[in-house]
Every structure is written in C-alpha cells, then in structure tokens.
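Enquirer: Residue numbers (my numbering), protein chains in the order written: chain A, 1 to 125; chain B, 1001 to 1125; chain C, 2001 to 2125; chain D, 3001 to 3125; chain E, 4001 to 4125; chain F, 5001 to 5125.
One should not assume that every hint holds.
Below, in silico cross-link-like pairs of lysine to any residue (SDA-like), each with a Cα-Cα straight-line distance of 25 Å or less [as the list claims (entries may be wrong)]:
#	chain 1	residue 1	chain 2	residue 2
1	B	LYS1027	E	GLU4077
2	A	LYS117	C	ASP2003
3	C	LYS2117	D	THR3026
4	B	LYS1117	F	ARG5022
5	A	LYS4	F	ASN5038
6	E	LYS4004	C	GLU2087
7	C	LYS2004	B	LYS1117
8	E	LYS4027	F	PRO5069
9	B	LYS1004	C	ASP2003
10	B	LYS1027	B	PRO1048
11	B	LYS1027	C	ILE2044
12	A	LYS4	F	ILE5044
13	C	LYS2027	B	ILE1044
14	E	LYS4027	F	LEU5110
15	C	LYS2117	E	PRO4048
16	A	LYS27	A	GLY83
17	B	LYS1004	B	ASN1081
18	F	LYS5027	B	VAL1115
19	D	LYS3117	D	SER3034
20	C	LYS2004	B	ASP1003
21	E	LYS4027	D	PRO3048
22	F	LYS5117	E	ASP4031
23	A	LYS117	C	ARG2022
24	B	LYS1027	B	GLU1015
25	C	LYS2117	D	PRO3030
26	C	LYS2117	D	SER3034
27	D	LYS3004	E	GLU4077
28	A	LYS117	C	ASP2031
29	B	LYS1117	F	LEU5028
30	B	LYS1004	C	ALA2033
31	D	LYS3027	C	ASN2081
32	D	LYS3027	E	GLU4043
33	F	LYS5117	E	THR4026
By construction, these hints were calculated from the structure, which means they are not laboratory data.
There are 6 protein chains.
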Amino acid sequence: MNDKGTEMLCHMLGEERAREVREAWTKLSPDFASLVTNFLAGEIWARPNLDLRTRSLVTIAALAALGRPNGLRLNIEMALNNGATREEIGETLLQMAPYAGFPACWEGLLIADEVFKSRGGGPKA
Amino acid sequence: MNDKGTEMLCHMLGEERAREVREAWTKLSPDFASLVTNFLAGEIWARPNLDLRTRSLVTIAALAALGRPNGLRLNIEMALNNGATREEIGETLLQMAPYAGFPACWEGLLIADEVFKSRGGGPKA
Amino acid sequence: MNDKGTEMLCHMLGEERAREVREAWTKLSPDFASLVTNFLAGEIWARPNLDLRTRSLVTIAALAALGRPNGLRLNIEMALNNGATREEIGETLLQMAPYAGFPACWEGLLIADEVFKSRGGGPKA
Amino acid sequence: MNDKGTEMLCHMLGEERAREVREAWTKLSPDFASLVTNFLAGEIWARPNLDLRTRSLVTIAALAALGRPNGLRLNIEMALNNGATREEIGETLLQMAPYAGFPACWEGLLIADEVFKSRGGGPKA
Amino acid sequence: MNDKGTEMLCHMLGEERAREVREAWTKLSPDFASLVTNFLAGEIWARPNLDLRTRSLVTIAALAALGRPNGLRLNIEMALNNGATREEIGETLLQMAPYAGFPACWEGLLIADEVFKSRGGGPKA
Amino acid sequence: MNDKGTEMLCHMLGEERAREVREAWTKLSPDFASLVTNFLAGEIWARPNLDLRTRSLVTIAALAALGRPNGLRLNIEMALNNGATREEIGETLLQMAPYAGFPACWEGLLIADEVFKSRGGGPKA
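Same shape as in the complex, but just chain A (with noise of 0.2 Å):
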C-alpha cells in the first residue's frame, strides 16, 4: 500500500469522503483504484512547483473543456479542500467559456453548483 496516496486523498477530500471514494473505485476496478491512488494523488498530486489550490484550479479547467462529469465533480471538491474559495472555482470556470466554448463553461457551472449547493452556506461568483 502507497501511504503517500492514502493520505493526498484524505488531505484533499477528507477521510470520511476518502474512504467512500475509494471503495467505490475499489468495486468497479481494483487496479483503477490502485493506479488512482499510487499514482494519481501519491506521486502526481504530491509534486512540487504548483501549489496544490492552482493545481486544482488548472484541473479543473482541463476537466471542463474535455467534458468529463465525474472527474469534475471530484475535483471541485477538492479544490475546496485546497483552499480555492467558490470565487475562484467559478471565475475558473468562466475563463473556459472563451477557450473551450460557452456551453463547456456551462456544463461545468452546473456541476460547480450541485458541489456548492451540496456543502450548503453562501453564494458564489
């Protein structure tokens, strides 16, 4: 077991969302929940040279003009975690409308919402 991923997991979502996550993983691919957590959060996420709220903000753009739902959701979550304010994931957000296209930005702000709305309290960009 990679205790480096584990914990980049836990730090990032908590350890109560952590285990959830992962056990999902576990149930649909062993070796996905694997290579996620070893090498994803334990050796790619643990890099230095971006602090880790940039480094959740520029995923999330990737994740928003590629389209990829889950992989968003997860990550604006975790971008919380990092210390990105609802601000900044929406104006992140926003910059996508002129380089990927205003509905990609669009889709993105729905999922951004289900996330906030989620966690409760107040308003966002």
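Fit chains B, C, D, E and F to the given chain A structure using the hints.
Expert: Below, chains B, C, D, E and F alone, put in the same frame as chain A:
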C-alpha cells in the same frame, strides 16, 4: 476602439509583440481582431476573482487539453509576462499528463520549449 | 442592461422560455448570465454575414461534434424559432456521422428527439 | 434491405437485442438506422484485416477517449459477443488512463460496470 | 466504381482538383479512397434535406471545433464551389469562437486564409 | 532508475530509437521523461490482460480519435515492433472513420504513411 483591451494586450505581451499579434489578427479578419481585443482581452482578462498568473495557468491547461497550438503558444508567452515561472508552466503541463493524457502533455511541452528557447536563458521543469 | 441581447434571446426562444433560461443562468452565475446575454446573444448572434437559420445549424453541428448536451438542446430549440425545419436539424446531425462519428450523431439525435417531442406535432428526418 | 448489415448486427448483439436497438434507431431517425445498418454494420464491421474482437476493443478505446456514452455502452455489449473478455475490456479502458486521462477511463469503467452487471456473473479487471 | 461519388467530388472540387485529391487518397490507402468516394461523397453528400452550401458550412463548423486541419482545408475549398462566399465561411468560423473557443476559431481562420490566398482575389470577413 | 520501464521502451522501440526518444524527452523535461519511462512504460505497458500488439492498436485508435500527432507517430512505430502488421494498423485507422470521423482517420493515415515510408518496404492496407 476599446482602450481597455489594447492596454491589457500590451500589459500581457509587451507593446511590440502586442502590435505584431494584433496586426496579424487584423490581416486575418478585422472582426476576429476586434472580438479578441474588446471581448477576450478587454472584458474576460480584465475580470476580478483570479489573478493574471493563475488565469494564465488555467488557460494553458485547457488549451493543452484541447490541442490548440497557436492559442497555447500565445498564452505561454502571456503567462511569463503575467508572473508565472517556467517551472509553473511546465508543471501545469505535467499535470495534464494524467488528466488529458501523456501525448497532450508532450505536445504542450514542445510548444513551451519553443517559447522558452526563443526567450533564451535558463532551464525549466 | 443590454437590450439587444435580451431582445435577441426573446426572438430566438420566445419571451417565456427566454425568461426561464435567463433566470436559471442568473441563479447559476449572474456573471455567466450577463456574458451570455450581452456578448453571445447581443454581439455574436446579432452579427451580419449569416442568416439566423444557418447560424443555428452551424452551431448545432459544432455542439454535436463537441458533445455539449445542454448547449445543444437550447440551440435546437432556437433553431426551430430561427426558421430551421426538423428535417434540416436532423440532416445537420446526420452530416456529423461521417465527420464527428456515428456515436456523436446518435447523441445529437437523442437530444433533438426530446426537443421535438416536447413540442409535439409531426415527424422528423 | 442490406442483409449483410442486419446479419452482422444480429451476430454481434444477438437477435433480440439487435431488433430492439434497430427499432430504437428507426424511431429516432429511419435514415440513421439505415446508415448504421448498411454502412457501419454491413460495410465497416464486415471488413477484413482485423478480427471482430480486436475491432471491438479499438472502438471501445476511441469512444472512451471521445466521451460518447451511448456508443460506448453498445460497443461494450458487442465486444462481449465478439469474444472479448471482461478483463480485456477493462484493460482497454485502463490503457486510456494515461492516453486520454484518468477521468475518461473512469467514465468508461462506470459504463462497462453497468453492462457487466446487467449480464450478471463474475468479476472483471 | 461508384459514379455518383466521383461525380459529386468533381462537382465540389472541379475535375482537376478532384483527380489530384483522389490520387493522393489512393496512394495513402485504396480502401480509404473508396470509402470516401462511395460512402462520404456518393451517399452522404448526395442526401436531400440540406443544400450543398449549408451542408458545407455545418461541416466546416464541426471540423474547426474538432481541430482537423486537412479535412477543414478541403471542406473550405468545396464550400466555395458549393456557393458559400468567403464572408459566410469566415462568419461560420467566427461563430465558433464562443462555441468551440477563440483558439479553435483562430486555427480555422488561418486555414481559410491559406485557401483564400491560393485562389487570389478579394477580401474576406 | 526504473529498469523495467527502460527495458520496455527498448523492447518496443529498439535500443537506438529508445535512447533517441528518451534523450529528447529528457531535454524537454526530465520529469516528463521519468514519468513516461517509469509509469507509462514501466507500469502501464507492463500490465497483464492485453498482449502488446492489441495494447498498441487500442492506443493508436485513441490517439487518432483525439488528434495527438507525436504520440500517434511513436505508437505506430511501437505497434510495428509489438507485432502489429501495417494492414492491422491501417485497418485500426479505417475503423476510426465512422467512430471519430473521416478527417480523423485521414490525419492518422498520413502519419502512418510517414512511419511506413521511413521504414521502407511493401504496401499497406
């Protein structure tokens, strides 16, 4: 004429390069040149909620993921003027390897390398 | 407020549906709502050189190719108000089969079918 | 009527499922149904140079990369009838993680899981 | 040999250019050449419900959005023979700025510019 | 150093070409070179469940669909070393015509043709 857009382009590209780029767009399509200057530079890039350096990095992420070589090249140039380091630009592209695929990362690194070389100076991530 | 954008949306969606859509965008993100209304509807859709029916069809083609379900649904609604027939919308989607792949065409036809059914009436291509 | 296309669909989906799928396509668009049957099933899938199992796997790879859920679901069904095992389908999707991004792989695994569950039986990769 | 496809290619490209393009496809892959001629040109482009000019413009929109330079170049050539003006082609590409992103529009305008220049004559949108 | 990754690259590219490619990646970004070698070559390509020939073909399919020219070129080279014939590579690309669009297939065939020509010898599909 939208002064805000022209000013923003000069700020992000330097006066000489901004003039060069705008002239190329104007020759290509005067309407495209004015939409880019007035809307994209003057309205979108002038928005609050995200500093210019982060805005550059999220844009680079999206363009590497989507595979748009000309837009990516220009945004890497602007990112350097917006305060992003070569390390941060390289790291943003590396983050694309697991999110948009290693080949998308590779294409992006080749373009970043061209820009960095044309500016001379030290190594990158 | 940009009257041209609001008028254009009303023209292309009918007053009631335009209000509904704008309210949903405003709840999601007031800034997105105003960019869509002022720039996308008020500036881009108001441009010359292409009639609204053709503009709708080229937009439908792009959104089917890119796989943007919400934007595609709305643009199919607008296309009908812009004078495109069900046959022309269906044919535009069929043209995507060899250019963006049969599965992209299929996803588009499913969305067109939903819109057509919600409006009742006759058959389509 | 193109008998080769109908036969090919029956061969790859079973008679009952082939009829069901063709009826859904015909309701959606008779022209789409006939293009899929005659050209896609009857001409492309009947080509030499690649056995049906490999042809299924390369198609699954492309559709997972492009994010086309309906086409992917159907091709996973067909792959199982074309002799691909659950392990091989799962592995093809895992191979997409570094080439199209982990989130594209995840979306594909979720769809494969639905198909596998609807068929009952043992585990997958 | 499918005469309808060959005729359609000649109609849309002129005899000389059609021969040149077909010879290049045949050298590349005889099977690709025959699928393009018989299915794409002979069946799809020969379909009713959309005039050739509109069919060209929706195809240009999709190929600019997807980033396919060779197919886009050829379709811009064909669009001019199918009755689309330079203004309409330029406007179709501008419409892509908010729907597929400004960088996709830029790439498309660069290719249109090459085609227009190779034909000489007046200005474009 | 990960010997498994280096060995795998040598196995799939030949020693000389593997060294050449790794040196180019290292110059571009030492971190990219090591992620490709250790993770992509050493972990992903070393996985079970899919033979190297099939793994190459599904990768070629995805990269042609996504439009990644450098990754596609390299994977066509590796596919030949992994036991895929020119006919099988050409057929995989033809299968992309109806699934990712004829223009994506065309771009892929052009790249395959370059690789085949650089190796000399007989015809392809």
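Enquirer: Decide, hint by hint, whether the structure agrees.
Expert: Here is what the structure says about each hint:
The straight-line distance between the Cα atoms of LYS1027/B and GLU4077/E is roughly 20 Å, inside the 25 Å bound, and the hint therefore holds. The hinted pair formed by LYS117/A and ASP2003/C fails the criterion: a straight-line CA distance of about 32 Å is larger than 25 Å. Of the supplied pair hints, the one linking LYS2117/C and THR3026/D holds, its CA atoms being roughly 15 Å apart against a limit of 25 Å. At roughly 20 Å between alpha-carbon atoms, LYS1117/B and ARG5022/F fall within 25 Å of each other, so this suggested pair holds.
Between LYS4/A and ASN5038/F the alpha-carbon distance is near 18 Å, which keeps this suggested pair within the 25 Å criterion. Restraint check for LYS4004/E and GLU2087/C: the C-alpha separation of about 23 Å stays at or below 25 Å, so the hint holds. This hinted pair does not check out: LYS2004/C and LYS1117/B have alpha carbons roughly 47 Å apart, beyond 25 Å. Taken as a hint, the LYS4027/E and PRO5069/F pair is honoured in the structure, with Cα atoms around 20 Å apart against an allowance of 25 Å.
Only pairs whose Cα atoms come within 25 Å are accepted, and LYS1004/B paired with ASP2003/C is accepted, the gap being roughly 23 Å. Distance hint between LYS1027/B and PRO1048/B is unfulfilled; the C-alpha atoms sit about 31 Å from each other, more than 25 Å. For the given pair, LYS1027/B sits about 20 Å from ILE2044/C by alpha-carbon distance, which is consistent with the 25 Å threshold. Only pairs whose Cα atoms come within 25 Å are accepted, and LYS4/A paired with ILE5044/F is accepted, the gap being roughly 20 Å.
Proximity of LYS2027/C to ILE1044/B is assessed by CA-CA distance (about 20 Å); at most 25 Å being required, the pair is judged to hold. As the CA atoms of LYS4027/E and LEU5110/F are separated by approximately 10 Å, the hinted pair is consistent with the 25 Å bound. With a C-alpha separation of about 23 Å, the suggested pairing of LYS2117/C with PRO4048/E holds against the 25 Å cut-off. Taking the CA atoms of LYS27/A and GLY83/A, the gap is about 30 Å. The hint is violated against a cut of 25 Å.
This hinted pair checks out: LYS1004/B and ASN1081/B have alpha carbons roughly 17 Å apart, not beyond 25 Å. Annotation: proposed proximity of LYS5027/F to VAL1115/B holds, straight-line Cα distance about 15 Å (limit 25 Å). Between LYS3117/D and SER3034/D, the direct Cα distance comes to roughly 30 Å. Violation of the 25 Å bound is thereby established for this hinted pair. For the given pair, LYS2004/C sits about 23 Å from ASP1003/B by alpha-carbon distance, which is consistent with the 25 Å threshold.
Straight-line distance between C-alpha atoms of LYS4027/E and PRO3048/D comes to about 19 Å, which keeps the hinted pair within the 25 Å bound. At roughly 18 Å between alpha-carbon atoms, LYS5117/F and ASP4031/E fall within 25 Å of each other, so this suggested pair holds. A C-alpha spacing of about 20 Å is found between LYS117/A and ARG2022/C, which places the hinted pair at or below 25 Å, so the restraint holds. About 18 Å separates the Cα atoms of LYS1027/B and GLU1015/B, which keeps this hinted pair within 25 Å; it holds.
The straight-line distance between the Cα atoms of LYS2117/C and PRO3030/D is roughly 16 Å, inside the 25 Å bound, and the hint therefore holds. The straight-line distance between the Cα atoms of LYS2117/C and SER3034/D is roughly 22 Å, inside the 25 Å bound, and the hint therefore holds. A threshold of 25 Å between alpha carbons decides the hint, and for LYS3004/D with GLU4077/E the separation of about 36 Å lies outside it, so the pair is violated. Between the alpha carbons of LYS117/A and ASP2031/C the distance comes to roughly 18 Å, so the proposed pair stays at or under 25 Å and holds.
Taken as a hint, the LYS1117/B and LEU5028/F pair is honoured in the structure, with Cα atoms around 11 Å apart against an allowance of 25 Å. With a C-alpha separation of about 22 Å, the suggested pair LYS1004/B and ALA2033/C falls inside the 25 Å cut-off, and the hint holds. Distance hint between LYS3027/D and ASN2081/C is fulfilled; the C-alpha atoms sit about 24 Å from each other, no more than 25 Å. Of the supplied pair hints, the one linking LYS3027/D and GLU4043/E holds, its CA atoms being roughly 21 Å apart against a limit of 25 Å.
Restraint check: the Cα-Cα separation between LYS5117/F and THR4026/E comes to about 15 Å, which is no more than 25 Å; the hinted pair holds.
Taken one by one, the earlier hints fail for this structure at numbers 2, 7, 10, 16, 19 and 27, listed in ascending order.
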